[in-house]
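Participant: Single-letter residue listing:
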Amino acid sequence: MTELTLPARNGACDTPPIPDIIKQRGQREVFCGLTGIVWLHRKIQDAFFLVVGSRTCAHLIQSAAGVMIFAEPRFATAIIEERDLAGMADANEELDKTVDRLLARRPDIKLLFLVGSCPSEVIKLDLSRAAERLSKRFHPDVRILNYSGSGIETTFTEGEDACLASLVPGLPEPTGDSPELMVVGALADVVEDQFARLFAAMGIETVHFLPARRDADMPPVGPNTRFLLAQPFLRDTAIALSGRGARHIAAPFPLGAEGTTAWLQAAASAFDVDPETFHKVTEMPAARARRALEKYRETLAGKSVFFFPDSQLEPPLARFLARECGMALSEVGTPYLHKTHLAEELTLLPDGTQLSEGQDVDRQLDRCLEAAPDITVCGLGLANPLEAEGLTTKWAIELVFTPIQGYEQAGDLAELFARPLVRKRRLAV
Amino acid sequence: MKLTVWTYEGPPHVGAMRVATAMEGLHYVLHAPQGDTYADLLFTMIERRDHRPPVTYTTFEARDLGADTAEIFKTAAREAHERFQPEAMIVGASCTAELIQDDPAGLAKALALPCPVIPLELPSYTKKESWGAAETFYQIVRHLADRNLDRLSFQTGRPSCNILGPTALGFRNRDDVREIAGLLSDLGIDVNVVAPLGATPADITRLGAADFNVVLYPETGEAAARWLEKTFGQPRTTTVPMGHGATLDFIAEIGALLEKDFSAYEPPHANMPWWSRSVDSTYLTGKRVFIFGDASHAIAAARVTDEEMGFEVVGLGCYNREFARDLRAAAQKYGVEPLITDDYLDVEAAIAEAQPELVLGTQMERHIAKRLGVGCAVISAPAHVQDFPARYSPVMGFEGANTLFDTWVHPLVMGLEEHLLGMFREDFEFSDEAGPSHLAAHGEAARPVPAPASNIIQWDSEAERELKKIPFFVRGKARRNTEKYAAEQHLDRISIDTLYDAKAHYGR
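Sequence lines, in order, name chains H and R.
Residue 0 is where the first sequence starts when you use numbering that gives the first Met the number 0, and the numbers rise one by one after that.
Residue 0 is where the second sequence starts when you use numbering that gives the first Met the number 0, and the numbers rise one by one after that.
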C-alpha cells in the first residue's frame with residue numbers, strides 16, 4: 000500500500016548513517032490493546048476489566064489467553080447486541096445493569112475498568128461519562144475508570160499504556176516533598192521485588208511501582224516524583240505523569256545485564272547514589288547475569304534475527320541480542336517507534352540496523368523469506384506457517400508473558416531465543 | 000448487552016474463516032480493524048496448520064474512519080487478488096466494519112475482479128460462529144454449483160455422494176471424513192466431493208453430479224444440503240454416524256435412499272460392542288454422565304452413553320440455539336432437563352448440581368470438570384490443541400465408536416481399583432483424592448467438590464466422618480442423596496443411620 004520513508008534521525012553529521020526506517024501500511028498481524036487485559040487482570044489483584052464490545056472482543060481475549068481458566072477470571076465482556084444498536088435498549092442503561100450484576104457477584108472488586116473497543120468507539124458510547132456516573136453510585140466501595148483498548152486506536156501493549164494512563168489522574172498527592180522514585184509498567188511480581196531490593200540497597204528510600212498490586216496501594220505522584228519506565232510502550236502514561244509534575248528519567252530498558260545496569264544507573268544518578276555504592280550493589284548480580292548469559296552465547300552468537308512487530312519491546316530486545324549475545328540483526332520491526340523513550344536504545348543499536356515501523360504483513364513476509372534469518376520473532380498466526388517454510392521462530396507473545404527484565408532473568412531471556420535453535424539442532428524428524 | 004466470561008462460539012466471520020481455511024483456492028477479504036487477525040492463531044496454533052488462513056484483513060484505523068475506509072477495502076481486495084490469484088473470493092465485514100456500512104459486496108463488484116466474488120452478510124450482533132460457517136458454505140455452494148451437470152452414476156453405474164460439513168477447527172473432522180469415506184467405499188458408493196474441507200471452488204461446481212448428500216455435521220452442512228436437495232433433488236442423510244448404533248442406522252438410511260439392502264454388511268473393526276459387553280466393563284454400569292457440546296455431537300454422545308456404554312445420562316445440553324429443538328427431544332428421551340445456553344457459568348452450575356462421575360463436553364467443560372475433580376472427555380468443538388491428535392482418531396463410524404469407548408473409559412477409575420478404594424479407604428498410603436492411578440497428570444489431589452449449602456439439615460460430625468470414608472468420586476452423590484432423603488423424611492439432622500438408610504433407599 001502507501002509507502003513513505005523517513006530519515007531515522009535529523010541527521011547530525013557525527014552520527015553514523017543508519018538505514019531509513021521502513022514504514023508500510025497494509026494488513027497488520029498484531030493484537031489490539033484489549034489483549035493487555037490478559038496480564039493486567041492478574042497484576043492488579045482487586046481490579047476487574049469489563050470490555051464493552053462485541054463477541055469478537057470476547058473471543059479475542061480468550062484466544063490470546065489460550066483459554067486457561069485458572070479461576071474465574073477478573074475480566075468479562077459486555078457484548079453489544081442488535082437491540083443496543085437498534086436503539087431498542089438504551090446502551091447506558093444496559094451497561095449500568097451489567098455493572099450492577101457484575102459487582103453484586105464480585106464484592107471483592109475495588110477497581111473496575113470499563114474498557115472501550117472498536118464497536119463501542121464507532122457507536123460513540125461515552126464510557127468516560129459512564130465511568131463517572133457509575134463511580135458516584137458505587138463510591139466509596141468501587142472506583143470505576145475507563146480506557147480504550149480498541150484496535151482502531153491501540154496496538155497490543157498500548158492497551159497497558161492506556162490503562163495505566165487512566166490511573167494517573169486518580170493517584171494520590173505525595174505526603175512529603177522528598178524525592179521519590181516511581182517504576183512504571185507492569186512487571187512480574189518477582190522482578191518487581193528484585194528491583195525493590197536493589198533500590199533499597201542503593202539507599203533510594205521511597206520506591207513505588209505503577210501499577211500497584213492492589214488499588215488501595217496505588218502510588219502517589221507529584222513534582223517530587225522521578226519516574227523510570229520499565230516498559231517502552233508507555234507514551235500516554237508518561238505524558239500523564241508529567242502532567243502531574245513528575246519528571247522522566249531517560250534510560251535504556253532493563254533487558255540483559257547491560258540494559259539493567261544502565262537502567263539502574265539512570266535512577267542512581269537521578270537520586271545521587273554515590274558510584275561506589277552503586278558498584279557494590281550491582282557488581283555481584285551483574286556478574287551473575289553475565290555468567291548466565293555465557294551459556295547461551297555459543298548458540299546465539301553469529302546467528303541472525305528478524306523481528307516482526309508485536310509489543311514495542313523489539314528495539315531493546317534487538318539491542319540485547321546484538322550486544323550481549325552477539326547476534327546479527329536482520330530487521331527490527333516494531334508497531335510504533337517512540338523516538339524519545341527509545342533514544343538511549345537507538346544509540347546502542349549496531350550501525351546499519353534496519354528498523355521498520357507499522358506493517359504490511361505480506362510484504363514483510365516477502366522480506367523475511369528473502370533474508371532467511373536464523374530466527375524469526377513473530378506472532379502466533381505466523382509462527383507455524385514460517386516453520387513450515389523452514390524458518391525457526393520464536394513466539395513474540397512469550398516475551399510479554401514471561402519475566403525477562405532484570406539481572407536474574409537475563410539468562411532466561413537469552414534461553415527463550417536459544418531454545419528454538421537448540422530444538423532445531425536436536426530434532427532428526 | 001450480555002455479560003460474557005468465556006464463549007463457546009466466536010463471531011460469525013470466524014465461522015466464515017473456518018470454511019475458507021478448510022478450502023483450497025478460495026480467498027477471504029475481511030473488512031476489519033487491527034486486532035481481528037487474532038483469529039489466524041486459532042488455526043495455526045490450535046490446529047497446527049502450516050499455512051496462514053487465506054484471509055486478508057483491511058486493518059482500518061480510527062483516523063481512517065473520517066476519511067475513506069471504502070478505498071482501503073478496495074485496495075486490499077485488489078492486492079489480495081493479485082498476490083494470491085484465488086479461483087474465487089468471499090468478501091464481508093467483521094463486527095466493527097458492519098457498523099461503518101461500507102458495503103464490501105458493492106465495492107467488490109465495482110472492482111470487477113476476474114474471478115467469482117461471493118458477498119457474505121454475516122450479522123455480527125445477532126449470529127455466531129456455527130451459523131456463520133453454515134451461511135458461508137451455503138452461499139459458496141449457491142453461487143458456484145453448476146446447475147447443468149449429469150449424475151456421475153450415469154457413467155460409472157455406481158452411486159455417488161458428497162460429504163458435507165467438515166471445516167477447519169471442527170472436532171476430529173479430518174479423521175471422520177476418512178472413516179466415513181472408507182465406509183462408503185466399502186458399501187460401493189463413490190465420494191464425488193468432500194466440502195468444505197479440502198475442496199476447491201472448482202470442486203464446489205461439481206456438487207450436482209452426486210446422487211445424494213451425506214451431512215456429516217448438520218451445524219455447518221445442513222443449510223447447503225437443504226438447498227442442494229431443493230435445487231438438484233439430491234436427498235440428504237439425517238443420521239450423524241457417531242456411535243455403533245448410529246453408524247448402523249446411517250448405513251440403513253443410505254440403503255433406503257438408494258433402495259439397496261446393506262444389512263449383510265459386516266464392519267471389519269467394530270470392536271466396541273464386545274468391549275462394552277465383556278465383563279470387565281460391568282463397573283461402567285450406571286455411571287453418571289453429564290453431556291454438553293454442539294447439539295449434534297451432544298445428542299449422538301447421549302445415545303452412546305445410554306445404549307452402548309451402559310452409563311446414565313444425568314445432564315444434556317448444547318450451546319447452539321439453532322439446534323435446540325433436536326436437543327430438547329433427546330433430553331426428553333433420557334428424562335433430563337435440556338440445558339440450552341452459551342453461558343459457561345450456567346453449565347458449570349448445572350454440572351456441579353448433577354454431580355456426575357464423568358463429563359463429556361468441550362474444552363470449557365474440561366476446565367469445569369478439572370475444577371470439580373471429575374473426569375472428562377472432549378466430544379465437541381470448541382476444542383484445544385490436545386484435542387487435535389497426531390494419530391488417526393475419528394469419532395464417527397465403527398472406528399469412531401472404538402475411539403469413544405477408549406477415550407470415555409480412560410478418565411474413570413478402573414473397576415478393581417474402585418473396589419479397593421472403597422474397601423481400604425483408611426489405608427494411610429491410599430489417597431483416594433489422587434484420582435485414577437493410570438493418569439499421572441491427576442497426581443495432584445482433586446479439589447473436593449464443594450458441599451452444597453444445606454443450611455437446614457445439619458450433619459452429625461460422626462456422619463460427616465463416615466461420609467469421608469466413601470471414595471471421593473461417589474462422595475458427592477452420597478451426600479446429595481442423603482440430604483435429599485433426610486429432607487423427604489423431614490429430618491433436621493443426619494446421623495450415621497440416616498446415611499445408611501439413604502444408601503439402602505437409593506442403592507449405589
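Check before you lean on any hint, since a few could be wrong.
[Claimed, not checked] Simulated restraints on C-beta separations: (1) R:Q84 / H:G244: 38 to 48 Å; (2) H:R105 / R:R320: 48 to 58 Å; (3) R:G105 / H:K294: 28 to 38 Å; (4) H:Y335 / R:N270: 56 to 66 Å; (5) H:E172 / R:R320: 49 to 59 Å; (6) R:R324 / H:R105: 31 to 41 Å.
[As the list claims (entries may be wrong)] Pairs of lysine-lysine, DSS-like flavour, derived with a Cα cap of 27 Å: (7) R:K1 / H:K109; (8) H:K123 / R:K1; (9) H:K96 / R:K73; (10) H:K135 / R:K1; (11) R:K73 / H:K42; (12) R:K369 / H:K42; (13) H:K22 / R:K73; (14) H:K22 / H:K302; (15) H:K123 / R:K73.
Calculated directly from the structure, the hints in this document are not laboratory data.
Just so you know, even glycine gets a beta-carbon here, dropped at the ideal spot from N, CA and C.
Participant: Each hint needs a verdict: does it hold in this structure or not?
Facilitator: Results of checking the hints against the structure:
1. R:Q84 / H:G244: 38 to 48 Å: The hint (38 to 48 Å, Cβ to Cβ) is violated, given that Q84 (chain R) and G244 (chain H) are roughly 59 Å apart.
2. H:R105 / R:R320: 48 to 58 Å: violated (28 Å)
3. R:G105 / H:K294: 28 to 38 Å: violated (60 Å)
4. H:Y335 / R:N270: 56 to 66 Å: With a Cβ separation near 59 Å, Y335 (chain H) and N270 (chain R) satisfy 56 to 66 Å, so the hint holds.
5. H:E172 / R:R320: 49 to 59 Å: holds (53 Å)
6. R:R324 / H:R105: 31 to 41 Å: holds (36 Å)
7. R:K1 / H:K109: The hint holds at about 22 Å.
8. H:K123 / R:K1: Status holds; Cα separation ~19 Å.
9. H:K96 / R:K73: violated (41 Å)
10. H:K135 / R:K1: Holds, at about 23 Å.
11. R:K73 / H:K42: With a Cα-Cα distance of about 42 Å, the restraint between K73 (chain R) and K42 (chain H) is violated, given a limit of 27 Å.
12. R:K369 / H:K42: holds (24 Å)
13. H:K22 / R:K73: Holds, at about 21 Å.
14. H:K22 / H:K302: Between K22 (chain H) and K302 (chain H) the Cα gap is close to 25 Å, so the pair holds against 27 Å.
15. H:K123 / R:K73: holds (26 Å)
In summary, the structure is inconsistent with hints 1, 2, 3, 9 and 11 from the numbered list given earlier, while agreeing with the others.
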